[in-house]
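Asks: Make a model of the complete structure from these sequences and hints.
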Amino acid sequence: MSLPPLITDLRQCVGPSNVLFAPSELAVYDCDAFTAERRPPVAVVFPENAQQVGQLMRVCRHHGAAVVPRGAGTSLAGGCLPGPNSVVLMLTRMNRILEIDLRNRMAVVEAGVPNLKLTQALAGSGYHFAPDPSSQGASTIGGNVATNAGGPHTLKYGVTVNHVLGLEVVLSDGTIVQLGPYEDPPGLDLVGLLVGSEGILGIVTKVWVRLTRNPQDYRTMRAIFDSVEQASEAVSRIIAAGIIPAAMELMDQGILAAVEEAFSFGFPLDAQAILIIEVDGLAVDIERKQQQIVDICKQFGAREVLTAATTAQRELLWKCRKLAVGATGRLSPSYIIEDGVVPRTRLPQVIRRIAEIARSHRIRIVNVAHAGDGNVHPLLLFDERDSAETQRVRAAGREVLQECIAAGGSITAEHGIGVEKLSLMERLFAPQDLEAMRRIREAFDPRLLFNPGKKLPQAGGAASA
Amino acid sequence: MSNGNSEKIVAANPAAGIGFDLFLRCVHCGLCTSACPTYTELGDENDGPRGRIQLMRMVAEGRTPLSDRMRRHLELCLDCRSCETACPSGVRYGRMIEPFRQAVEQLDARLEKRFDWFRELILLRLLPYPNRLRPLLAPIRLLQRLGLFDAAERVGLLRLVPGRLGRLVRLLPPPVSGGPRLPKFLPAVGRKRARVAFFVGCVADVFYRHVHWATVRVLQQNGCDVFVPPGQGCCGAIHLHNGDPDGARLAAHANLVAFELDRYDAIVVNHGGCGAMLKEYGLHWQDGLTPHRAKFAAKVKDVHEFLDQLGFVPPRRRIDCVATYHDSCHLAHAQGVTAAPRKMLTSIPGLTLIELPESGICCGSAGTYNLLEPGMAERLARRKLNNILQTGAQVVLAANAGCMLQIAAAIRGQRLPLRVMHPMELLDLSYREE
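Line by line, the protein sequences are chains W and V.
Numbering-wise, the first sequence is residues 0 to 464 according to numbering that gives the first Met the number 0.
Numbering-wise, the second sequence is residues 0 to 433 according to numbering that gives the first Met the number 0.
Source of the hints: derived by calculation from the structure; they are not laboratory data.
Be a bit skeptical, because a hint or two may be false.
[To be verified] Which stretches of chain W does chain V cover? Using the computed rule of at least three CB atoms under 8 Å from a CB of chain V, they are: (1) 79 to 92; (2) 98 to 106.
[Said to hold, decoys possible] Selected chain V positions facing chain W (in silico; Cβ < 10 Å): (3) Cys28; (4) Cys31; (5) Thr39; (6) Gln53; (7) Ser66; (8) Ser88; (9) Gln143; (10) Gly287; (11) Ala338; (12) Gln413.
What you are looking at is a predicted structure, and each value in this text was computed from that prediction instead of being measured.
A virtual CB, placed ideally from N, CA and C, is assigned to each residue, including glycine.
Replies: Okay, structure coming up:
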């Protein structure tokens, strides 16, 4: 039996053992952490260096096959969902930390290095890599770059783009270019353009990242509230008081139940909302900030505000928050998580609306939020085997995001557009804006082979939901 | 990964024994992947927990029969259950992969009727029985004492022993005087605080009897009356993980008879693999004895876990050394015991315990995995050794016979001046009078 020409050529680039094309093995790549849409690729390839990525690009271009880059496959928006006739290009074997240069506060990593591996490698150095998405234990730095990932500490430290100094990128014709590293780009900020482009402009193979000094001291608190509104009012007030905490996170009662079952932290299950607030900085100042925060929480009706007494307790508290999304598997077989962002002051109103939307679509929604940023992550629970419920959840999700747009916000803060939010781009942007973005895309990728069907709707508004 | 694309089909559905609700727990978030040793090495989701669950689910749903290629991915799993520790959703991965693999083995046996001498004779009929294993080892022990075994290893003669048997021979540790068989009873030292039964096991008693002695002395020092019930044997894990659940049930039955549960506060085990198996006695077989096995399982405690809960007496004697602790998968991931051994070790005066990078990633031993999947087992042993070397430790501590054998063999292979010990050995030294 002769193999299809595409497969033969791919095998020539990376060796037969680094190309998968058996249907059962491809099925494993039919979705990422967004499970509501699935489509298997025609092949999965495992390059080991940028040169191989370049060769693979030329082969795919020659055969007119689309290329979907994939790291750990933790996208919550379907960023790695294969399109028709797509080859999934895995970056997981490019997973070396190439250099740690503390004097220049920089590290050079291959795209497939898991985020947390870098921070672990920096343990004891006094530095860390600041972006800390909740998936950081698994998600790769390349994936963080593609989605411009955030995380709880975004509030004070910024998102991924603020921590990327340079990129090595493979372009659609297979050439390898290096952008940066520089602190302040002299020409156009192409690094800024590539970060968050969700794999539609090029394939990032190497990243120069900024390292951040660890704070001298920190305090991590949890405050227990009897209503979500009060908790979110407290968030607004803390920022208004001129304090920028390192992180300010909200979990509602629904998700607390799952988190408590998973990690037995000791959260009171009757609490309507809890806030996890971390302040960091100079030791001389920290007690005062901590006291201010406690006072504001109490003023907004917090039942209890406790500070983590030990490092272990702090770590467990963060574990509860960061693994909260995955823990909802205890509540339901599947979920869609939205990534809406609104002005902080509109948070109470949006959270109230989310509850109404859940009721009107007869589905269950639980909430986590990077409350300090006004970034809400409602989790819409469903059973993927129930197609009617799946449809209701998709509709409810769109309604939640429309609510965010109406409140003066946006449809994604950190997860990216992927396929999941594609149809909402036309609500967020004017046709001219989208056209300008399409032209930039075509400048990089005239044949539209990079991750098609993601990020930007096709001209003419033919985006499918 | 093999090169071809053959999809030879295995008949019948090996996923039939897995409760479907177990699959529904997985929400496909992918946070498990980086905890998986084989995914970390290969980067293919087919070799990671999320992918393997999807493969098994596809078979369960009848969407695809089990092909040879799918089977390879499932066989390559170490069943280390590191993914269970990483999973926020509480997926019980072990309860899917274990029945799945058992069913595959049984289907094989029915379809092929090929006699696998290594599995039938060595794994199932020799290793679990100390009384058979010990005399067979005698000639090797003699060679070792004469220094000939070491010489044979050095010049590569041992490489001539073929296949799985050769790998088993190369794992054998140098002879240590293990001491006599444990007596039936060892009294508490000082104030009596608990009555415990000690589980001896099979391979552990042949290779690491000195660890057993150290463990019972530590228990005695902590005020425990230690009973060693006669008639006990292998926990059954070797049988269960090599497709012989009935053999495992018989092993469990012997232990059920040997231990009079009401006489003891706990059944104490010092090796992670045996402990995990004993703690799951209530899950593996459904029959009239299930409640009794569940009661047995509820009494089982890892020795570190037990002493930490009892409140251990701080050891006094100073041991100046730098050590690192490797988490045995079946202690850390299957039993969730990670803090207690570290707590006990750091209580030893003079001891510096350096945290081992990737401590919870399997060393490649995984029961009999290193005999059956040598390629991956060696990759993981190398990875483990590199991590150990980073710590600068003089002593590597591990609380499981399989890990101790595997790490020691890796160290011997590189001729490194490093010692592998069980935490109880160091604690025993520190409890001794000066």
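Asks: Look at each hint and say if it fits the structure.
Replies: So, going through the hints one by one against the coordinates:
Look at the region 79 to 92 of chain W against chain V: 3 of its residues bring a Cβ nearer than 8 Å to a Cβ of that chain, three or more, so the hint holds. Here the region 98 to 106 of chain W counts 0 residues with a CB under 8 Å from a CB of chain V, which misses the bar of 3, and the coverage is violated. For the restraint placing V:Cys28 at the interface with chain W, the shortest Cβ-Cβ distance is roughly 4 Å, inside the 10 Å limit, so the hint holds. Satisfaction of the interface hint for V:Cys31 is found here, the shortest Cβ-Cβ separation to chain W being roughly 7 Å, below the 10 Å cut-off.
Hint status for V:Thr39: holds, given a least beta-carbon distance of 8 Å to chain W, under 10 Å. At a threshold of 10 Å, the smallest CB-CB gap from V:Gln53 to chain W is about 5 Å, leaving the interface hint in force. Of the supplied interface hints, the one on V:Ser66 holds, with its beta-carbon coming within about 5 Å of a beta-carbon of chain W, less than 10 Å. With its C-beta approaching chain W no nearer than about 3 Å, V:Ser88 sits inside the 10 Å limit, and its interface hint holds.
Checking V:Gln143 against chain W by beta carbon gives a least distance of about 39 Å; that is not within 10 Å, so the hint is violated. Residue-level restraint check for V:Gly287 is violated (minimum Cβ-Cβ distance to chain W is 32 Å; threshold 10 Å). Satisfaction of the interface hint for V:Ala338 is found here, the shortest Cβ-Cβ separation to chain W being roughly 9 Å, below the 10 Å cut-off. Interface hint status for V:Gln413: violated, as the beta-carbon distance to the closest one in chain W is roughly 22 Å, over 10 Å.
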